[in-house]
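Asker: Kindly produce the complete structure, drawing on both the sequences and the hints.
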Amino acid sequence: MPKTGTTALQAALHEARPQLLELGVRNVSRGRHDMRVALTAAGTLPYYWDTEPFATRWSQLSERFRSSTERCTIWSSETLTQASPERIRYLAEQLRREGHEVHVVLTVRPLAPLLASQWQEVLRRRGTEPLDTWLNRHFDAVSVDGTTHGTWTTVMPELHRLSLRRVIEQWGPVFGEDRITFVVGDPADRLFNLHVFEGLMGVPEDTLRLQDLDNASLPYPEAEMVRHFNLAYTEGGGDHATWMFTVGGPGQLALRELTGLTPYPIRTPRWAAARANEYVEGWIAAVEASDARVIGDLGNLLVDPDDYPDDTTPPETLSVASAGRIAEILFASGLEHDASAPAPTLDGVAGKDLVREVARRVRGRVRRRA
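The working numbering numbers the first residue of the sequence shown as 204 and each following residue consecutively.
No lab work stands behind these hints: they were computed from the structure.
Don't take each hint at face value.
Said to hold, decoys possible - Derived pair list, reagent style EDC-like, types lysine to aspartate or glutamate, alpha-carbon separation capped at 20 Å:
| no. | residue 1 | residue 2 |
| --- | --- | --- |
| 1 | Lys206 | Glu408 |
| 2 | Lys206 | Asp389 |
| 3 | Lys206 | Asp415 |
| 4 | Lys206 | Asp500 |
| 5 | Lys206 | Asp392 |
| 6 | Lys206 | Glu324 |
Note that the coordinates shown come from a computational prediction; the quantities given were computed from them, not determined experimentally.
Answerer: In structure tokens form, the structure reads like this:
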């Protein structure tokens, strides 16, 4: 699942490739996380990416997985949790080999703090809603019993994607419930996930090591500045493809590297933490009633709402130092776009987005001629 320690795990798996191969474990990804290959596999690659190269790489990756002769073969991507039931069956067809078992392993963490983390990730993809508004919309999209309301194309509602019940119901019949493993992180042990995966792969402890990663979340004031930038950009007619190739691309990486900021964690409000527990209780019951394996304590997925703030009013002020640094990042990412970013394709683009994209390209030509 996203925001459950996957970045640290994938970095450790990537760094340990030579040692793992010597121990009979093959990692079929080319990099730390082949996200766009995984999006292709899950059937959720956005329209603005050229599909052909990633389709080719997905074909190569699935072939490496199927044909591997090592005793253990692995592939890691939280993106796969976006797959629809039809695509889950397709994944099984592409990854299975006669006489071999395919196991699905998911890292999970408490829903309440995860929701605040997911909201910030949405800001990195041009999100414009305040945290409370975003939370209410997603709670309204999925009932506690798992019933979904409304329709979607590629990005399913968060509480549907994150549901352990849905994993049992949709992935279980395809791969087998007994081949699904949930790894529930230990909040007191940063190495828990790494040691669990060492055990699953049958390699010595400390084969996987935490890497020095710069993956910190933005403080709340800085996150709110990005949200208001997104809002202004969207209200001004900015298209999503251009945003993703600038702020969502090199700009996002630069934002992650901001250091020395005043800490101001983004916390899920108390009311949402209480509601999250209602969903999680049902998920735990579904897992316990299944044949899935659990490593860790499912009780760790529940939280005490009293530990969460009652007032989460968004901050309205930001230091001029932070504002200047973020403005420079946004400005630089825009300057780099025409020179270095691939042009988005128009296949499957809605009419409104098509008009915006054509206008953007015209503006780009005018600037270059000037």
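Asker: Could you work out which earlier hints the structure fails to respect and list their numbers in ascending sequence?
Answerer: 1
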